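Enquirer: My request is simple: use the sequences and hints to build the entire structure.
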Amino acid sequence: MNFFLIVALVAAINTTNIRFGLLFLGQPLVLGGVLGFFLNNMVLGLYVGSILQLMWVRSVPIGVKVQTNYTLITFLTIYFINIFDTSFYPIIFLLSYIFATLAKYLEKIIKNINSHIVDWVMKNLQKLNLDILHIIYLIVYTIIFFLFFLFSFYVMHFSLLKLVFYVPEKMLVAFQASYKYLILYALSLMYHSVSFKFKFFYFLGGAALALFLILLQLPFYVALIVLVFMTILVSLLEQQKWIFGGNK
Amino acid sequence: MFWRLFVKLFFVDTLLNDRNMQNFGFAYIMASALKRLGDIRTYYERLLSHFEYFNSNPFLISAIIGICTNLEEKGKTDIIYKIKLETMAPLSALADSLVFGTMKPFFTILFVSLAMLSVKSSFWLFWLSFFLITNFLKIYTLYFGYKMGLGFIFQLTKLNLQTLIAVLKRFIVFYLGGFALLYLHFYFHLEASLFHDSFYALLLIFLFLNAFVFSRLKNWMSFTLYILIFVIYYYIKF
Chain A
0 MNFFLIVALV AAINTTNIRF GLLFLGQPLV LGGVLGFFLN NMVLGLYVGS
50 ILQLMWVRSV PIGVKVQTNY TLITFLTIYF INIFDTSFYP IIFLLSYIFA
100 TLAKYLEKII KNINSHIVDW VMKNLQKLNL DILHIIYLIV YTIIFFLFFL
150 FSFYVMHFSL LKLVFYVPEK MLVAFQASYK YLILYALSLM YHSVSFKFKF
200 FYFLGGAALA LFLILLQLPF YVALIVLVFM TILVSLLEQQ KWIFGGNK
Chain B
0 MFWRLFVKLF FVDTLLNDRN MQNFGFAYIM ASALKRLGDI RTYYERLLSH
50 FEYFNSNPFL ISAIIGICTN LEEKGKTDII YKIKLETMAP LSALADSLVF
100 GTMKPFFTIL FVSLAMLSVK SSFWLFWLSF FLITNFLKIY TLYFGYKMGL
150 GFIFQLTKLN LQTLIAVLKR FIVFYLGGFA LLYLHFYFHL EASLFHDSFY
200 ALLLIFLFLN AFVFSRLKNW MSFTLYILIF VIYYYIKF
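Protein chains in written order, with numbering that gives the first Met the number 0: chain A, 0 to 247; chain B, 0 to 237.
Source of the hints: derived by calculation from the structure; they are not laboratory data.
Predicted model, so just to flag it, every value in this text is computed and none were measured.
Careful, some of the hints might be misleading.
[Unchecked claim] List time: in silico DSS-like cross-link candidates among lysine-lysine, alpha-carbon distance up to 30 Å:
#1 B:Lys7 with B:Lys73
#2 A:Lys107 with B:Lys217
#3 A:Lys161 with B:Lys217
#4 A:Lys64 with B:Lys73
#5 A:Lys122 with B:Lys81
#6 B:Lys236 with A:Lys179
#7 B:Lys34 with B:Lys75
#8 B:Lys34 with A:Lys196
#9 A:Lys126 with B:Lys217
#10 B:Lys217 with B:Lys34
#11 A:Lys64 with B:Lys81
#12 A:Lys169 with B:Lys236
#13 B:Lys217 with A:Lys103
#14 A:Lys179 with B:Lys119
#15 B:Lys119 with B:Lys75
#16 B:Lys157 with B:Lys217
[As the list claims (entries may be wrong)] Here's a subset of chain B near chain A, in silico, CB distances under 7 Å, partners left out:
#17 Tyr42
#18 Ala92
#19 Leu93
#20 Pro104
#21 Ala114
#22 Phe125
#23 Ser128
#24 Phe129
#25 Ile132
#26 Arg169
#27 Phe170
#28 Leu206
#29 Leu216
#30 Trp219
#31 Tyr233
Backbone N, C-alpha and C define an ideal beta-carbon position, used for all residues, glycine too.
Expert: Put into structure tokens, the structure is as follows:
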């Protein structure tokens, strides 16, 4: 029962990703927290959610280009690590990535179905009672929900996942060691998420301030609070052209 | 009517399609406005005109909806199509830059750093911040778009959202540089291990390259490279 509930939850969240007001429920950090709560493993949910959130921070879910379905990656990764072990993380992640790429094609199919529905409505608009628009919406939501439900359900039973048991022991040890440092890897990806002139110097400025705070031997939380205040100050001062020459 | 339009804004992307993009969503929202305002004889004609190609950002589409409703109310129907065409791309670019290019990374780095410090409420705070801000943006632009009509476009330029974007972008990068180093020092003690173990030096070099050089790599490629470092190291050393 719990299993069906989780699959239904993920299908519903996938439906709201683009189709219902971009609610951001499918963002990896949010979904990670929710799944962690459902699976009674908040630490795992937040950790994996944070990593995937940082990895897909540049992704824009709307527009012409269909993006990798990061909601599905988050769901599969957290669910299977909870079942197996953290040492299987790389294999689980790459398999989830393949499934999320397949989900891109599901998104394209939905767009094609939508095109046909819209064409039909435009041709028959004058004959239609406009209350039928509400029914069309209901039908579309039902189709999308069941497509994602069936896809997630199929993926959960995919037999290729049994291959993880044939991975050599030594490799699993290496994977286990890599799990701890994943957050650093994800943080290093974050740098590309914004673009502006002199980005590198701002990054170095933040790092230099942190180094100064470390040398002062301040406790972690004090250093963090000082960093936040200094960041706000630098961001605002720079805008007033008081330092660094202002916003070009 | 205002709240009906606002609720319908949630459905703008439901029938997103490759050919006409958001045309159905736009017409669906305008249908309720036209029903209240228009003459029943011109109703279908006006509604059909809103089925033209349309594509904008769902967070600032509310401004265009508000302006179009205002123009429909005043009977200036001849310029509506032109206004739609001329505003959808600039507003979309502005909203993409504001929401996806700035606010998303800003809240991500803020709440991920909280999640990394084991704050369990970080995930719903992240969602709540986004939900409140994006919906405030929708309500604000819809309300003033409807009240002010075409004048709202000039009002939007006065808001100087570009300045807000510039400030937030600087915040993200400065904070990222500082937080990454603090976290590295307090939670991983990598700099202590650097001189004793070549592996940590290799890892740090990879992280540095990942941040500053590998920007063109896809996620799965850089991830595979990251895992390979560990596998090769463990196979050589043990």
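Enquirer: Each of the hints needs a verdict: does it hold here or not?
Expert: Evaluated hints:
no., hint, result
1, B:Lys7 with B:Lys73, "holds, 22 Å"
2, A:Lys107 with B:Lys217, "holds, 21 Å"
3, A:Lys161 with B:Lys217, "holds, 27 Å"
4, A:Lys64 with B:Lys73, "violated, 37 Å"
5, A:Lys122 with B:Lys81, "holds, 24 Å"
6, B:Lys236 with A:Lys179, "holds, 19 Å"
7, B:Lys34 with B:Lys75, "holds, 17 Å"
8, B:Lys34 with A:Lys196, "violated, 49 Å"
9, A:Lys126 with B:Lys217, "violated, 49 Å"
10, B:Lys217 with B:Lys34, "violated, 48 Å"
11, A:Lys64 with B:Lys81, "holds, 26 Å"
12, A:Lys169 with B:Lys236, "holds, 11 Å"
13, B:Lys217 with A:Lys103, "holds, 16 Å"
14, A:Lys179 with B:Lys119, "holds, 19 Å"
15, B:Lys119 with B:Lys75, "violated, 53 Å"
16, B:Lys157 with B:Lys217, "violated, 39 Å"
17, Tyr42, "violated, 9 Å"
18, Ala92, "violated, 12 Å"
19, Leu93, "violated, 14 Å"
20, Pro104, "holds, 4 Å"
21, Ala114, "holds, 5 Å"
22, Phe125, "holds, 5 Å"
23, Ser128, "violated, 10 Å"
24, Phe129, "holds, 5 Å"
25, Ile132, "violated, 10 Å"
26, Arg169, "holds, 4 Å"
27, Phe170, "holds, 4 Å"
28, Leu206, "holds, 4 Å"
29, Leu216, "violated, 9 Å"
30, Trp219, "holds, 5 Å"
31, Tyr233, "holds, 4 Å"
Going down the numbered hints, you'll see the structure goes against 4, 8, 9, 10, 15, 16, 17, 18, 19, 23, 25, 29, while the others check out.
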